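J.: Make a model of the complete structure from these sequences and hints.
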Amino acid sequence: MSDVVEKTLTALPSLLSLDSHPGSAKLSSTSKLGNLIRGITELTSKHEEEKLIQHELLAIKEQVSSPNTTMMKELMVRSIYCEMLGYEASFSYIHAIKLAQQGTVLEKRVGYLAVSLFLNESHELLLLLVNTVLKDLQSTNLIEVCMALTVVSQMFPKDMIPAILPLVEEKLNHPKEIIRRKAVLALYKFYLIAPNQVQHIHNKFRKALCDKDPGVMTASLHIYLQMIQENPEAYKDLTPSFVTILKQVVGGKLPMDFNYHTVPAPWLQIQLLRILSLLGKNDQSTSEVMYEVLDESLQRAEMNHNITYAILYECVKCIYTIHPKSDLLEKAAKCIGNFVLSPKINLKYLGLKALTYVVQQDPKLALQHQMTIIECLDHPDLIIKRETLELLFRITNGQNVTVIVEKMLEFLCISEDDHTTIDLVGKVAELAEKYPLKYNEWFIETMNTVFSLGGDMMQPDIPNSFLKLLSEGFDSVEEDRKLRLFAVNSYIPLLRGEPGKLPQRFLQVISWVLGEYSHLREDLEPAEVLSLLAKLLDMKNSSSETKSWVLMAMTKLCKGGADASVTQEVSETYSSSLDTVLRQRAHELQYLSQDPELRARVLPRGSCGNFAFVSEALAAGAAPYKPPHQRQEELDQSKALSLEPYGLSLPISMSSCSITDRQSPTLLSMSSGLSGDTLKLDGIKRVWGREGYLAQREPVEEAAQVEVPSPIQSPGRQGEGDSLHSQTPTQTPTPEPEQEKQQLASSLFVGLASQSSVSLMGKSEPMPQRFRRKAKGQGLGSSFIANEQISSSLISPPSAVDNLLCNNLLDSNNASELAEQTSQLSQSLTTANGTCHAEAELTESDTKGCNPALRRDNCVVAAGPGPHNDPGRLTEVCLDSYLPAELSGLSHSEIAPLCANQSLNLSACHVQKEDSLILVVFIMNSSESAIQQIPAGEVTSYSVAVGQYSLTVKRPAVHVEVVGTVSYQLPAGTSQSLQFSYKVPLTSFIRPFVVSTEEYGTMWLSFSHDTKQNLTLINDNQEPLTATLNALKKKLQLHVVEVIGMEGIVACRLLQDLPCLMHCRVNAGWLAVWLRSPVPDLPDCLIYHCQRALQSL
Amino acid sequence: MQFMLLFSRQGKLRLQKWYVPLSDKEKKKITRELVQTVLARKPKMCSFLEWRDLKIVYKRYASLYFCCAIEDQDNELITLEIIHRYVELLDKYFGSVCELDIIFNFEKAYFILDEFLLGGEAQETSKKNVLKAIEQADLLQENIDFQMRLFAGSRDPAQRAGGNRTDINTIFIAIHTPPSASYSAVCS
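Protein chains in written order, with our numbering: chain D, 2 to 1098; chain S, 5 to 192.
Any given hint could turn out to be false.
Unchecked claim - SDA-like mimics (lysine to any residue), calculated; alpha carbons at most 25 Å apart, straight line:
id	chain 1	residue 1	chain 2	residue 2
1	S	33	D	456
2	S	32	D	418
3	S	31	D	411
4	D	159	D	202
5	S	21	D	51
6	S	21	D	1092
7	D	177	D	256
8	D	335	S	77
9	D	213	S	125
10	S	21	D	128
11	S	112	D	202
12	D	335	D	1092
13	D	345	S	49
14	S	46	D	411
15	D	326	S	77
16	S	29	D	128
17	S	31	D	417
18	D	213	S	48
19	D	33	D	88
20	S	33	D	122
21	D	177	S	77
22	S	48	D	416
Stated by the list, open to error - Label-pair restraints from in silico Cβ distances:
id	chain 1	residue 1	chain 2	residue 2	range
23	S	44	D	128	41 to 49 Å
24	S	40	D	88	15 to 23 Å
25	D	62	S	40	26 to 34 Å
26	S	44	D	45	36 to 44 Å
What the hints assert, rightly or not - Covered stretches of chain S (in silico footprint by chain D; criterion: 3 or more residues with CB under 8 Å from a CB of chain D, positions within the stretch not fixed):
id	segment
27	23-37
28	46-53
29	91-101
30	124-134
For the record, the hints were derived by calculation from the structure and aren't laboratory data. The model shown is predicted, which means the values in this text are computed figures rather than measured ones. All residues carry an ideal CB built from backbone N, CA and C; glycine is no exception.
T.: So, in structure tokens, the structure goes:
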């Protein structure tokens, strides 16, 4: 061995300098393997490598057969290496077995490894291993037993199972956990390769399931999963056991060893979830047993880690597979939403996959994520794109089929993977055939693309069923004729062009169609068709199958006369062909072209659709033919998660039913009565509503429907306000690409929204998507200027996810839905200084939501009591004194300057009242002259006008920003305006909510929107929980309902009527907070403020 | 799981484990195709692939690609975690593992894999337990090796793989959890 060492040492300096060869870096040992590896990395060409390996193999071969066994282990490793590089070392197989048989323990290990790498189950040499395994299974050395079991669970000849089965069974009682576990896995392997061999030991499986070691139990689940997959009925009785196990796992009852990154036994959880979904499928009573644990799993998996997502994903799949339960479905849908919207591409992919699973049950979900789906369609990663198409395929209906097919064909053009192409081509063809009638030309064109793209890889039934469709036709003779004619028309130019590039299958279709239907085109001479077809025969790459199709077509077409020369020539050429089929066809052609009478009898025109024998067979009891798409559908249904509706217990099933009855597109409707019954879709653009198509035109309509809220004081004037609201606000034009996306969305998701109007849970949400805006001016003649000034630039979405969301909203909704006009300056005339202007002008302000966590259409409706106009000449103003008297007793925020110009100074503050928040705007005239047409009328020089506006929040946002404009007129007559904005944190709207613990309990269960987070605890001398809660109470005006031990419950409400409940628990130095509310975004906003409040301490 | 492949960025196969019986020709074909497909993908792309009727889950650690083929109903994310756990195991065993460890000690990598996955299913997911099992077998091996060396009378400067891992250009495999103190080699 010393020579090896020497070699290595001499090689060392050169190795050190060779950075580009990582293989040379490690001098792992003086082993020959090291030398071999290093040698290989230094080579430059494949040829050299081959030479070296061959040389090496020769050397190994020589040595293995020599009696020097000390080298065996090393030789084996080297031959494994050579095999891995792709060179055969079959001579060493037998030596590997020998090594496993005769070697010492350590040699055995390598021997077994080599065997498991070299051989596969069916290799005959494996029989020689049986005895070794038998011996080792009986060994007293645990390591030997382990090795034997390991190799057995990887590969074992099927027929020899009975020989070792008793020994393996015996190991199930072994005191060592690791042995029992391996034995169970070996039995699993046996079950997979020869289920009937282990039939009799099912009770042993049950024993393994009840094993005291969780590892053995986990191993037994593999067997159960397999058995339940085959026959779920037989194992229903085990459901409660599986549920209990899962409950214990989720509850963290397993030893720490089973944790993976602090998640308890994720592999086990997933295995159990898969088993449960199989058991609960189509079985209500079994499903009911598992609802609770599924809910718990969903809630426990809160950590932001791949492993929890894996569990969540499995959980969602399970929930959608078993008998549905509405609140679970709701949570699962939310989960899917999180996946789809995730910036992590892997999660997005899984989200799309999950959507694909559930979309037929719940098309609303796809609708909710339509913008994301559109983005995914353009994703640079083809895998994502492909999955999106799969999803679209599932939601195809008569209205969006053209767009979806177009997208699929686009993908086909760039896809390089054969498997994908075959699959997609099949799907396109299926879709095209499902909806052929509506779009004749589209159908033919699509099929043409399918044939040319799919080439010869596609399933043979595609051209067959296409031809069948053409020949059998539909109800209307005229339509059929048009369809066929169109097909003929499209093929002629193809043949005139370069038919050599067309795939064989397509050529066959073309020749058949031309043979049958070219007569439909009257300006087309049969002679021309014949010569075109004859050209196909001359092409080098035409297969003989294609040629016989062409000859068949020619036979149908030839009439003698002018075309006789062509047919004659062709038939002569091919009647001596070596191919018997071609020769046969050529002879047919020859005879039939000469005898028109015979031809008419043999090949009557239009006869191809009549198969009398079919009806005979049917009468005799044969199974009726199923069109391919129907077969495909049945296949899909058996493969996918349960897609058929379950009973009628849920509105869901209604929605899935309705997907099948496609309505014709309803007319555009401009109805303004929509707002009443629309469903809130959380800022999702509605493309297709009850009344019809809403897309594209929607923003305009929306705006037109906008009503301006009436101030509280003047309910009687509403009629007048309504007459004003028809003005269309100016809009920021949507950028072009956005518009494209929008259009795409509307064309893709057409026909889905009609289903979506059935709410998943059957309960309508309190917030109408549209908001109303009513304006009323008091005073003499009021006019109304609506200046909608929201554009995407005004909204600043904070986080990436929301960014997406927000942009989506912008894309789809345009301004009006997003941020709402809210506060509006109404006016009354002040009597103090008497001047009153006939031309009072109403200025309206916008509120925009800037809000990190939500879909927003926060709508703050304002109603203002009359502003005051206090006279006075003040240079230095203490604005405090201008606060209206009724507000002066209440606490108000600091008066903040808003903006100013040479003539006006604007300041504002907000005052918290029990039921509302009052925004007080101070308008100070800082100029020498009086200013008119301030909403309040005239403001004399250096005086202050005060306007107050009551704000309420309809949709929560972290901050509510009020944007307004003050329009005024200088004495000179020039109109001017001043814009301002004022930001109010949501906390200003929060009020304590006094409830009892019982009330809290009932409310908690009924609220559907929740969020969870860990907050920092305040650690001072006091009890941390109380300290933290008190701090929150002080900062956010919460009401602490009760503190029990390490848990506390807190309640608050958003102004009068929107409650939010908070559950706090001290957990490992953190405060685990769980918020629930009936209002979608309130919990998220509040948690944000809680965080801020605690951070600022 | 149907099979697991480890290959380098250059497309060199480093480890292969097949849990379904396939002919050598088929294996080679699959390996070639997959290596090509996976290497062609850009870093920010999805870790999942649909390939033939299988799903491929792959992840790159430094210069090595770990690639698993699973069936349709299997969970992709948990497969990613299987890969990750395997890397963690290797890391702990070799002490911040690098590609070279796997090249020169591929049989060890196989032993670890066999202890972790059996017949394509995760059999033992606890890092501690897997390594304990390996350690026990190793211990036996090292002892015998040592005895043999005594008999042979030659002194082997670096018996164990990591024996002199003065890193010449080791590329450490970056994994999320910082590797704990490197596995103490059982050297007699």
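J.: Hint by hint, note whether the structure agrees.
T.: Going through the hints against the structure:
{"no.": "1", "hint": "S:33 / D:456", "verdict": "holds, 23 Å"}
{"no.": "2", "hint": "S:32 / D:418", "verdict": "holds, 18 Å"}
{"no.": "3", "hint": "S:31 / D:411", "verdict": "violated, 33 Å"}
{"no.": "4", "hint": "D:159 / D:202", "verdict": "holds, 17 Å"}
{"no.": "5", "hint": "S:21 / D:51", "verdict": "holds, 23 Å"}
{"no.": "6", "hint": "S:21 / D:1092", "verdict": "violated, 49 Å"}
{"no.": "7", "hint": "D:177 / D:256", "verdict": "holds, 17 Å"}
{"no.": "8", "hint": "D:335 / S:77", "verdict": "holds, 22 Å"}
{"no.": "9", "hint": "D:213 / S:125", "verdict": "holds, 21 Å"}
{"no.": "10", "hint": "S:21 / D:128", "verdict": "holds, 21 Å"}
{"no.": "11", "hint": "S:112 / D:202", "verdict": "violated, 35 Å"}
{"no.": "12", "hint": "D:335 / D:1092", "verdict": "holds, 24 Å"}
{"no.": "13", "hint": "D:345 / S:49", "verdict": "holds, 10 Å"}
{"no.": "14", "hint": "S:46 / D:411", "verdict": "holds, 21 Å"}
{"no.": "15", "hint": "D:326 / S:77", "verdict": "holds, 23 Å"}
{"no.": "16", "hint": "S:29 / D:128", "verdict": "holds, 22 Å"}
{"no.": "17", "hint": "S:31 / D:417", "verdict": "holds, 21 Å"}
{"no.": "18", "hint": "D:213 / S:48", "verdict": "violated, 44 Å"}
{"no.": "19", "hint": "D:33 / D:88", "verdict": "holds, 17 Å"}
{"no.": "20", "hint": "S:33 / D:122", "verdict": "holds, 19 Å"}
{"no.": "21", "hint": "D:177 / S:77", "verdict": "violated, 33 Å"}
{"no.": "22", "hint": "S:48 / D:416", "verdict": "holds, 19 Å"}
{"no.": "23", "hint": "S:44 / D:128: 41 to 49 Å", "verdict": "holds, 42 Å"}
{"no.": "24", "hint": "S:40 / D:88: 15 to 23 Å", "verdict": "holds, 20 Å"}
{"no.": "25", "hint": "D:62 / S:40: 26 to 34 Å", "verdict": "holds, 32 Å"}
{"no.": "26", "hint": "S:44 / D:45: 36 to 44 Å", "verdict": "violated, 24 Å"}
{"no.": "27", "hint": "23-37", "verdict": "holds (count 6)"}
{"no.": "28", "hint": "46-53", "verdict": "holds (count 7)"}
{"no.": "29", "hint": "91-101", "verdict": "violated (count 0)"}
{"no.": "30", "hint": "124-134", "verdict": "holds (count 8)"}
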